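Colleague: Chain by chain, the residues run as shown.
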Amino acid sequence: MAMSVRVRLGSQFRNIMRVCFHENRHMSTAEIVVEKSENPKEPERISLEEQQRLNDIAKNERMEKLLNMRFAYQEFLPDPNPKNRNTLKERLERRDMLARRSNVEIPEFYVGSLVAVMHSDPHAPGKNNRFMGICIQKIGAGLRASFILRNFIDGEGVEINFDMYDPTIQRIDVIRLEKRLDEELFYLRDAPPEYSTFPVDMEPEYQPEGSAVPVNEIKVPLKPLPWLVKWERMGMKGIRDVTSMLTEKRLRMSKLKQFNKPWEKYDLLKMYSETIPIEDQVEIFSEIQEKLHELEQHRYKMKRSRNFVKPTKMG
Amino acid sequence: MNQAKILNLVAKLKHTNNIKPRKLKNYRGPEGRIAMLQKSLTALLKYERIELNFNRADETRAYAEIFMSQIAKQGSQNQKSIDMANFWILENQIIYKLFNVLVPRFSNDVSYTNLYHHPNVYPGILRPKAILELKNNSFPKVSSSIKNQSSVENILLKESHKRHFIDVITQ
Amino acid sequence: MESTVCPVRHVPPSSYGRFRNACCATLRFQCRFSSTDSQKAAAQTAAIKSEWRRRRNVIFDNEKQRQQSEIGRIEKVAVKYLPWDKDEAPIEMRMNKHLSTPYDCTKHLTEDYTKTVCLALVDRRPWDLQKPFEQDCELELITMAHSNKSPVVNTAFWRSCSLLMGCMVEASFKDEIQVYLHSFPKPDLKSGSFTYDAVIDLPDWKPTQAELRAMSAAFVKLSNQESFMERLEVSEELALDMFQDNPFKNKQIPNIAQNHNGKIVLYRIGDFIDISQGPMVGSTGIIGKATIASVHKVESNETDRLYRFQGVALPKGTRLNHFAWSVLEKDARKFNDLASVTPVRESVTSAPTEVVSDEEKERSSAAN
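Protein chains in written order, with full-length UniProt numbering: chain Z, 1 to 315; chain U, 1 to 171; chain C, 1 to 368.
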């Protein structure tokens, strides 16, 4: 009891210290502002049209920022099938997702990233299990969002499908943040094991903050036939040329229009029915943006405070 | 399990909630369906008012709306919109018309087309017909909305409103 | 017992079903042949009423036949039909003098016209559809949709509604209650309701909601019969002879005749005949949605049992939001004191409708 109280008091003091520190910093910046105002420039007169233009630009930037959230927070976009749309259900789900995110940090990662997941497992020794692997698929909207991790362990290919908002997940670490050329990497199942083998005890690779997510442009060779899927028809970008492996008939078949579907990328209505319109996306992301930002700030502070812990005496 | 695609961004359609693509029965399958729509879309941009079977007209309308909004959003210099125009429009002079005439005309609009049900001519094939047109075209209007201010119901309602107004003032 | 509570004869709506219908019929049957004195008397008055009605119709038919036989040799008139659409060419028709009517002309055009035309303009003057041509003329046909071009059709519609309400009032009451139709004031759309004044032999009657609904149903039923409005001009003596049973009409007829060269204009819907200067719409089928909104007691010098029936109606095919319609109904429920504003009740006495003056009035109001 007494211990816990002391711990709490300690954290209180730390908070107060942080506030003082911040306030001091604030004061110092205020001085700089005063210096600047001593030799003022001539105020520029902005016409009404110019102001309108600036406003528009600012508005567009804000929109752009909101819409760019769709890459990192894809699972917040609902199922685009109009039969399954239900605004109330979607809102409630978003609330639950945020509530889960306030307990467990779900970091930004993509298909192709190396991810380690610590989760409760009643059968594992110590009741916990850690699995590390390459993310080969991210799918599902809302609370049903899930991802598949793949790795080779003891000479055996292992894949685990995790629900992203599963309460048994304790911790998700991104070991290496990167993208691949495709949206799904199921062809790794037909690739030699070294392309999906990653050491379990890899150290996380940190990247400078604000830098773009790198794209790993590796082209994977496939094992000889038979394959699980006719990959030559799928138009995958991350596969090395496979024409030498195929029979003449399969090669001919793979060039047929009905498999290539060259019109599909121009099919506007298909594109429309697979996406959430801009207006809806803006509404969704402006709703969750504030809360996510708050969580991020909180986490940032906690990290800093963790770093401040006094070094223990080495024996 | 479905998940929204995020590569493309599209503006919301203003005219309809039904976005389930129609099959448009065709012996060439999906390719033939697209070819039909290419023809209709080109004709729509060329003549600005066309008469079609209702299904085809409604489908063409959805494509036309998305097409115009994408091009208006991306601008005529964008490679994507040029590709799109090259695919959908079968005549070169219509592509020229699209970028130089239609896009400036629709710069401030949210929807670009009108669809009207068209009566069948008897005797004939009794299939639902429709008229599809671009907005702000130079033809006379399809439907005339004549408002008869001196019809019985309008006079009655007007007088009722007046009386109500007087009642409110006197109170 | 029932008669004191609900003097209006029950008109079963169709939804009540055949069983209800049959029950009502049996009840009426029993009432008529039960042995009490009052019911006997009622049966007698009913017989007298229907006898008067039959007599009026016989006289009407005879007079009509007489007038037609007087025509003698049939002459032709050239009627030039001018369509509203200026692009369409005018049509010239050879019709029979004193015999053919604008309604006959519509039959030569399209079926649509025979159903929807309400009124004709002959040489730019309002003309009943059933009134024969007298000379070569230009003809225009007006439907309810043309009310912006000639507003007189609205007045005619309102007047026809009043007339039909008279028919309804005469038919709706039980046999033992004396009903005398009195007159109806000048139709005015702006007052919000059409009216008919009738003398009913009840000291202080206030209709219940059910009774009003029953009357509305009767009104709609009559309008659905789509019967023509037959028009006939008769002399004063004949009119007096026809309306012998109605003391109030008897008083009014000489006054009207004075103002109109001794002529009285009669209109017949089915077997109901009434006096009005017209014009009326072609048939009762023009009337669509209708409600009998209220009945108010009116003070009068002649009698202390004068009641004013008020209703509101719309032409067939008009689409109106139910809320807007409820507003109109609510408006029609208020007492329509149009006649008290102009102390001489237009009734049938004061030259019911100089249609031309009506038109001028509306024109002047539009100009203002």
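I should point out that these hints are in silico values taken from the structure, not numbers from a laboratory. Predicted model only: the values in this text are computed from it and were never measured. Glycine included, C-beta positions come from ideal geometry on N, C-alpha and C. Incorrect hints may have been included.
[Claimed, not checked] Residues on chain C that point at chain U, a partial pick, calculated with CB under 7 Å: (1) M95; (2) E140; (3) T143; (4) S147; (5) P151; (6) L189; (7) A217; (8) L314; (9) L320; (10) H322; (11) L328.
Colleague: So, for every hint listed, does it hold in this structure?
Modeller: Cross-check of the supplied hints:
With 7 Å as the threshold, the beta carbon of C:M95 stays out of range of chain U, its nearest partner Cβ sitting at about 30 Å, so the hint is violated. For C:E140, the interface hint is violated, the least distance from its beta-carbon to any beta-carbon of chain U being 17 Å, above 7 Å. About 11 Å separates the beta-carbon of C:T143 from the nearest beta-carbon of chain U, more than 7 Å, and the hint is not met. Interface hint at C:S147: satisfied, since its Cβ lies 5 Å from the closest Cβ of chain U, which is below the 7 Å cut-off.
Taking 7 Å as the C-beta cut-off, the interface hint given for C:P151 holds, the closest approach to chain U being about 5 Å. At about 5 Å, the closest approach between the beta carbon of C:L189 and any beta carbon in chain U falls short of 7 Å, and the interface hint on this residue holds. This hint is violated: C:A217 has a C-beta 21 Å from the nearest C-beta of chain U, more than the 7 Å allowed. Because the beta carbon of C:L314 sits about 6 Å from the nearest beta carbon in chain U, less than 7 Å, this interface hint is met.
For C:L320, the shortest C-beta to C-beta distance to chain U is roughly 5 Å, which falls under 7 Å, so the interface hint holds. A distance limit of 7 Å between C-beta atoms decides the matter here; for C:H322 the minimum to chain U is near 13 Å, and the interface restraint is violated. Here the hint on C:L328 is kept, as its CB sits about 5 Å from the closest CB of chain U, short of 7 Å.
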